[in-house]
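Colleague: Quick note on UniProt numbering: the sequence shown kicks off at 1 and runs consecutively.
Read the hints as simulated data drawn from the structure, not as lab findings.
A hint or two may mislead.
[As the list claims (entries may be wrong)] Below 25 Å or equal to it, Euclidean Cα-Cα: the simulated DMTMM-like pairs (lysine to aspartate or glutamate) are:
#1 K43 - E23
#2 K43 - D5
#3 K31 - D4
#4 K26 - E8
#5 K31 - E41
#6 K31 - D5
#7 K43 - D6
#8 K26 - D5
#9 K43 - D4
#10 K26 - D6
#11 K31 - D6
#12 K31 - E8
#13 K43 - E8
#14 K26 - D4
Only a predicted model underlies this, so the values are computations on that prediction, with no experimental measurement involved.
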Amino acid sequence: MRYDDDREAVWAHWLYYRSTAAELAKIYGFKARTIAGWITEWKGNPAYSPAMTAH
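Please take these sequences and the hints and turn them into a complete structure.
Modeller: Structure, rendered in structure tokens:
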């Protein structure tokens with residue numbers, strides 16, 4: 001998998017389960033600090049919000 005694909009997989013998992021950065025780091029192998037930064041970014045970006053992704 002490419003980095004962007006991995007990041008998207010982490011995002012989908014976080015969106016569905018609301019896992020912590022530490023939990024996601026164990027699953028996907030990224031550093032928890034990296035994932036925590038992504039989560040902060042996702043929370044601040046309306047394009048990543050659950051309302052925008054719900055079908």
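Colleague: A separate judgement is required for each hint: does it hold in the structure or not?
Modeller: These are the hints, each one checked on the structure:
1. For the given pair, K43 sits about 17 Å from E23 by alpha-carbon distance, which is consistent with the 25 Å threshold.
2. With a C-alpha separation of about 19 Å, the suggested pairing of K43 with D5 holds against the 25 Å cut-off.
3. For the hint pairing K31 with D4, the CA-to-CA distance comes to about 15 Å; that is within 25 Å, so the pair holds.
4. Between K26 and E8 the CA atoms are separated by roughly 16 Å; this keeps the pair inside 25 Å, and the hint holds.
5. As the CA atoms of K31 and E41 are separated by approximately 16 Å, the hinted pair is consistent with the 25 Å bound.
6. For the hint linking K31 to D5, the alpha-carbon distance of about 16 Å falls within 25 Å, and the restraint holds.
7. Of the supplied pair hints, the one linking K43 and D6 holds, its CA atoms being roughly 18 Å apart against a limit of 25 Å.
8. The straight-line distance between the Cα atoms of K26 and D5 is roughly 17 Å, inside the 25 Å bound, and the hint therefore holds.
9. Taking the CA atoms of K43 and D4, the gap is about 18 Å. The hint holds against a cut of 25 Å.
10. Proposed proximity of K26 and D6 is supported: the alpha carbons are some 13 Å apart, at most 25 Å.
11. The suggested pairing of K31 with D6 holds, with an alpha-carbon distance near 13 Å, which does not exceed 25 Å.
12. About 15 Å separates the Cα atoms of K31 and E8, which keeps this hinted pair within 25 Å; it holds.
13. With a CA separation close to 14 Å, the supplied pair K43 and E8 stays within the 25 Å bound.
14. Between K26 and D4 the CA atoms are separated by roughly 18 Å; this keeps the pair inside 25 Å, and the hint holds.
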